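A.B. asks: So the protein lines, in turn, are chains A and B. Position 120, counted from 1, in the first sequence is what our numbering calls 521; the numbers after and before it change by one each time, with no gaps. Position 156, counted from 1, in the second sequence is what our numbering calls 161; the numbers after and before it change by one each time, with no gaps.
Honestly, the hints are just simulated from the structure, not real lab data. Worth double-checking, as some hints may not be accurate.
Every beta carbon over 12 Å from chain A, so not counted as near; a handful from chain B, in silico [unchecked claim]:
id: 1; residue: ASP34
id: 2; residue: TRP50
id: 3; residue: VAL115
id: 4; residue: ARG127
id: 5; residue: ILE259
id: 6; residue: LEU283
id: 7; residue: LYS321
id: 8; residue: LEU358
Rough simulated footprint, nothing fancy, chain A against chain B, three-plus residues with beta-carbon under 8 Å [said to hold, decoys possible]:
id: 9; segment: 98 to 111
id: 10; segment: 131 to 145
id: 11; segment: 306 to 316
Residues from chain B shown here face chain A by an in silico Cβ test under 7 Å; the list is partial [said to hold, decoys possible]:
id: 12; residue: GLY77
id: 13; residue: THR215
id: 14; residue: ALA217
id: 15; residue: ILE222
id: 16; residue: ILE348
Small disclaimer: the values here were computed from a predicted structure and weren't measured. Beta carbons are placed, not taken as given, at the ideal position from N, Cα and C, and that holds for glycine.
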Amino acid sequence: MSKADELRLKAKRRKILIQTGLIGLSIVVIFGAVVTARTNLQSLGLTSGFGFLARSTGWDYSFSLVPKTIMDPYSQTLFVGFLNTLFVGFIAIFLTTLFGFIIGTARDASNIAIKTAATVYVQIFRNIPLILQLVFLYSVLINMPGPRQAMSIADTVFLSNRGLMLPGLSVTPGVAVALLLVSLAFGVFLIWRKSDLLRGLLTWGIGSILMCVIAAIAVRPEGASLVSVPELKGLRFRGGITIPIELLGMIVAITLYGSAYIAEVVRGGLAQVPKGLTEAGQALGLTKGAIWSRIKMPMALRSIIPPLGNQWIFMMKATTIGVAIGFSDLFYIVSISITQSGQTLELIAILAGAFLLVNGGLAIFTNWLNARMKLKAH
Amino acid sequence: MTDKSVNTPISLASVRQILKKRAFSTPTDSVLTFVVFGALAWLAWSLFDWAILRAVWSAENVAQCGKETSAGACWAVIDARHRLILFGLYPFDQHWRSTLAAVAIVATVVLSCIPLMWTAKRIITLWILGFTTYYLLMEGSLLGLQQVTTDGWGGLSLTLFLFSSVVLLGMPIGLGLALMRRSEMPFVRGFAVILIDFVRSLPLLVTLFTAAVVIPIILPSWLEGDKIWRVIVAFALFFACYQAEVFRGGFQAIPKGQFEAGAALGLTYWQTLGRIVLPQVFRHALPSTINMVVITFKETALVIIIGFFDIMASAKAAFGTGEWAPHYLEVYVFVAFIYWAFIFSLGQYGEYLKGRMAISER
Numbered sequence: 402m403s404k405a406d407e408l409r410l411k412a413k414r415r416k417i418l419i420q421t422g423l424i425g426l427s428i429v430v431i432f433g434a435v436v437t438a439r440t441n442l443q444s445l446g447l448t449s450g451f452g453f454l455a456r457s458t459g460w461d462y463s464f465s466l467v468p469k470t471i472m473d474p475y476s477q478t479l480f481v482g483f484l485n486t487l488f489v490g491f492i493a494i495f496l497t498t499l500f501g502f503i504i505g506t507a508r509d510a511s512n513i514a515i516k517t518a519a520t521v522y523v524q525i526f527r528n529i530p531l532i533l534q535l536v537f538l539y540s541v542l543i544n545m546p547g548p549r550q551a552m553s554i555a556d557t558v559f560l561s562n563r564g565l566m567l568p569g570l571s572v573t574p575g576v577a578v579a580l581l582l583v584s585l586a587f588g589v590f591l592i593w594r595k596s597d598l599l600r601g602l603l604t605w606g607i608g609s610i611l612m613c614v615i616a617a618i619a620v621r622p623e624g625a626s627l628v629s630v631p632e633l634k635g636l637r638f639r640g641g642i643t644i645p646i647e648l649l650g651m652i653v654a655i656t657l658y659g660s661a662y663i664a665e666v667v668r669g670g671l672a673q674v675p676k677g678l679t680e681a682g683q684a685l686g687l688t689k690g691a692i693w694s695r696i697k698m699p700m701a702l703r704s705i706i707p708p709l710g711n712q713w714i715f716m717m718k719a720t721t722i723g724v725a726i727g728f729s730d731l732f733y734i735v736s737i738s739i740t741q742s743g744q745t746l747e748l749i750a751i752l753a754g755a756f757l758l759v760n761g762g763l764a765i766f767t768n769w770l771n772a773r774m775k776l777k778a779h
Numbered sequence: 006m007t008d009k010s011v012n013t014p015i016s017l018a019s020v021r022q023i024l025k026k027r028a029f030s031t032p033t034d035s036v037l038t039f040v041v042f043g044a045l046a047w048l049a050w051s052l053f054d055w056a057i058l059r060a061v062w063s064a065e066n067v068a069q070c071g072k073e074t075s076a077g078a079c080w081a082v083i084d085a086r087h088r089l090i091l092f093g094l095y096p097f098d099q100h101w102r103s104t105l106a107a108v109a110i111v112a113t114v115v116l117s118c119i120p121l122m123w124t125a126k127r128i129i130t131l132w133i134l135g136f137t138t139y140y141l142l143m144e145g146s147l148l149g150l151q152q153v154t155t156d157g158w159g160g161l162s163l164t165l166f167l168f169s170s171v172v173l174l175g176m177p178i179g180l181g182l183a184l185m186r187r188s189e190m191p192f193v194r195g196f197a198v199i200l201i202d203f204v205r206s207l208p209l210l211v212t213l214f215t216a217a218v219v220i221p222i223i224l225p226s227w228l229e230g231d232k233i234w235r236v237i238v239a240f241a242l243f244f245a246c247y248q249a250e251v252f253r254g255g256f257q258a259i260p261k262g263q264f265e266a267g268a269a270l271g272l273t274y275w276q277t278l279g280r281i282v283l284p285q286v287f288r289h290a291l292p293s294t295i296n297m298v299v300i301t302f303k304e305t306a307l308v309i310i311i312g313f314f315d316i317m318a319s320a321k322a323a324f325g326t327g328e329w330a331p332h333y334l335e336v337y338v339f340v341a342f343i344y345w346a347f348i349f350s351l352g353q354y355g356e357y358l359k360g361r362m363a364i365s366e367r
């Protein structure tokens with residue numbers, strides 16, 4: 402055997418040794434953890450397993466999209482938390498993307514005043530921890546005047562310590578969710594069809610609004626007016642849509658913070674578009690809007706979408722801070738369930754599983770979007 | 006084009022030209038400029054008026070707060086409670102230690118920004134020195150001072166402690182994970198990939214919560230350790246998994262030929278890594294690393310949720326008593342400003358470095 406072969410064999414042996422060691426160590430750690438957990442749980446008198454999911458909880462929480470009682474089983478309560486997380490997460494993703502693109506474009510504006518305003522916004526909201534902004538905002542909201550002294554715009558929109566009251570279409574929650582899903586599907590369809598950016602957005606916006614109005618006319622409850630406006634009746638408001646302050650705080654705080662981050666992503670993408678392309682557009686006599694939607698943005702999107710996807714995942718994860726103000730997102734529900742039922746390991750596993758599922762889904766969607774947006778000619 | 010504009014001295018004519026092009030190019034543009042600048046100026050003035058002109062500054066004048074004559078900020082609450090906000094429940098007569106310790110950490114961060122410190126030996130020595138100084142001062146027993154256990158640490162000092170220990174611990178783990186991820190051995194690589202992707206797809210809060218609540222169940226009690234150390238290790242793992250991806254980006258910028266050159270010279274894996282590859286990786290990864298450090302500093306604010314008395318919690322306590330309850334706004338503005346100043350300066354420094362490196366690469 403030559404010297405080289407000998408060395409190669411030695412290196413191969415070492416590799417096998419290292420890997421066996423790593424696998425062995427992992428097995429020992431996991432096995433040790435399981436054994437310790439079993440003895441620790443037994444000494445605490447807890448039974449492991451998912452049987453507790455069928456028991457009713459016996460405690461209440463702040464926000465739910467579906468009717469809730471304290472007699473709901475753990476499984477249903479956890480599902481409500483999961484829905485709340487998705488609800489806030491997707492609203493935040495939608496709003497931050499919208500405002501992020503607007504502010505990011507403003508950061509790239511030729512007008513000095515607009516650019517300054519956008520820069521000030523980004524530098525303030527990006528540089529303060531999200532949880533501090535949330536707690537700050539919540540303190541302000543909770544110290545708002547009561548419903549009787551509510552601040553109002555034209556007596557249709559009210560803001561008080563009970564929440565934000567908005568006029569809304571008279572539809573049942575079920576119909577509202579259905580409309581939301583159809584609108585979402587419509588958006589995905591437009592992306593799939595690769596429609597022109599600005600026209601696609603307009604089609605989507607107008608199409609969604611029209612669809613809502615038609616649905617509201619078609620299925621509104623007997624005798625109800627088309628639009629329901631909040632009205633002060635005694636000590637509380639009736640009619641319209643009420644956004645409780647916990648939900649309002651979550652949405653506004655995550656939107657303010659996330660928009661600043663996405664604005665930076667968008668600005669970075671726009672900055673990478675070669676200047677010659679913009680100048681070519683100007684030479685052709687295109688308007689600023691056309692240059693933005695037909696030249697700059699399609700080019701910029703290629704470098705925007707991967708980090709944008711990361712921001713979406715961040716936003717979904719950020720919903721966990723709801724626990725700081727008592728918004729009943731999944732993390733909040735899980736942490737209360739842990740103190741109430743003691744089923745720590747099972748509940749943490751559910752929590753982790755839910756986030757792996759959602760974030761994995763978002764990552765897949767981002768990859769799909771990225772593949773769709775790629776320029777074919779390159 | 007850009008080179009020219011950098012070197013042109015600013016003259017009155019050029020300012021006028023820029024203004025004409027970028028503020029008053031069309032009538033709509035002019036209107037927009039006036040409206041937006043007007044709104045910004047009004048905002049700035051209102052803030053200045055509230056925070057400075059009409060503010061009550063000292064705790065003795067607290068009676069004036071909220072009166073018609075002074076509808077501004079009531080900084081009296083800061084005057085009266087700043088010790089609580091900055092130092093938490095640390096023994097009152099020992100606050101000088103907490104101050105010095107915090108200064109040591111801030112000085113460490115500032116010194117690491119100077120290129121003179123950018124050699125492996127210097128930067129490691131600096132951070133270990135800064136961290137040890139902090140720990141000795143805060144804990145005290147080794148210096149013959151009154152002992153204060155970690156339960157007694159709080160406020161800004163605790164935030165800085167969490168931050169520095171996470172970075173100090175997370176950086177080597179991150180490098181280790183990045184190296185494992187590049188390994189030729191499939192099981193080593195797989196281990197790193199699974200760990201990194203798993204931690205990255207969980208919210209930080211879940212990771213920290215797991216460390217605080219789940220680890221005591223699955224570890225034997227002799228391995229359990231203090232809650233604060235468990236949380237720091239979990240936080241460091243979070244930092245490491247993100248930092249590993251930053252390092253991976255740095256590794257990708259190194260041509261494969263350099264490893265081969267190292268091997269051809271007869272250098273071992275570790276020699277090639279330490280002498281040829283890593284110095285370049287660090288350089289490439291520097292702006293993203295600073296970004297990661299900034300994010301870590303921001304995220305330390307989350308520990309309030311798992312029950313630590315960091316600056317957020319001490320701020321809450323500062324207006325928690327009845328007499329100061331109406332002045333929550335001032336306390337939050339104060340804390341937000343501390344965070345902002347730190348994060349903004351680090352962020353600007355990162356931008357500056359990015360710009361400088363872009364120039365050197367042209």
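A.B. asks: Quick one, is the B:ILE222 hint okay against chain A at 7 Å, beta carbons?
C.D. replies: Interface hint status for B:ILE222: holds (5 Å vs cutoff 7 Å).
A.B. asks: For B:ILE259, which was marked as not at the interface, is the minimum beta-carbon distance to chain A over 12 Å?
C.D. replies: holds, 22 Å
A.B. asks: Please verify that the nearest CB of chain A lies beyond 12 Å from B:LYS321's CB.
C.D. replies: Non-interface label fails for B:LYS321: nearest chain A Cβ at 8 Å, not farther than 12 Å.
A.B. asks: Grab the minimum beta-carbon distance between B:LEU358 and chain A and tell me whether it stays above 12 Å.
C.D. replies: Nearest chain A Cβ is 16 Å from B:LEU358, so the label holds.
A.B. asks: Would the stated hint for B:ILE348 survive a check requiring a Cβ distance to chain A of less than 7 Å?
C.D. replies: Interface hint status for B:ILE348: holds (4 Å vs cutoff 7 Å).
A.B. asks: Check the non-interface label on B:ARG127: least C-beta distance to chain A beyond 12 Å or not.
C.D. replies: holds, 29 Å
A.B. asks: Would you assess whether B:ASP34, listed as outside the interface, keeps its beta-carbon beyond 12 Å of every beta-carbon in chain A?
C.D. replies: Violated, because the least Cβ-Cβ distance between B:ASP34 and chain A comes to about 6 Å, which does not exceed 12 Å.
A.B. asks: Hey, does B:VAL115 actually stay past 12 Å from chain A on C-beta?
C.D. replies: holds, 18 Å
A.B. asks: With 12 Å as the threshold, tell me whether B:LEU283 passes as away from chain A on beta-carbon distances.
C.D. replies: holds, 20 Å
A.B. asks: Are there three or more residues in the segment 98 to 111 of chain B whose C-beta lies closer than 8 Å to some C-beta of chain A?
C.D. replies: violated (count 0)
A.B. asks: Count the residues of the segment 306 to 316 of chain B with a beta-carbon closer than 8 Å to any beta-carbon of chain A: does the count reach three?
C.D. replies: Contact hint for the segment 306 to 316 of chain B vs chain A: holds, 4 residues under 8 Å.
A.B. asks: Is the listed coverage of the segment 131 to 145 of chain B by chain A valid when you require three or more residues with a beta carbon under 8 Å from a beta carbon of that chain?
C.D. replies: violated (count 0)
Of the numbered hints stated above, those contradicted by the structure are hints 1, 7, 9, 10, 12 and 14, listed in ascending order.
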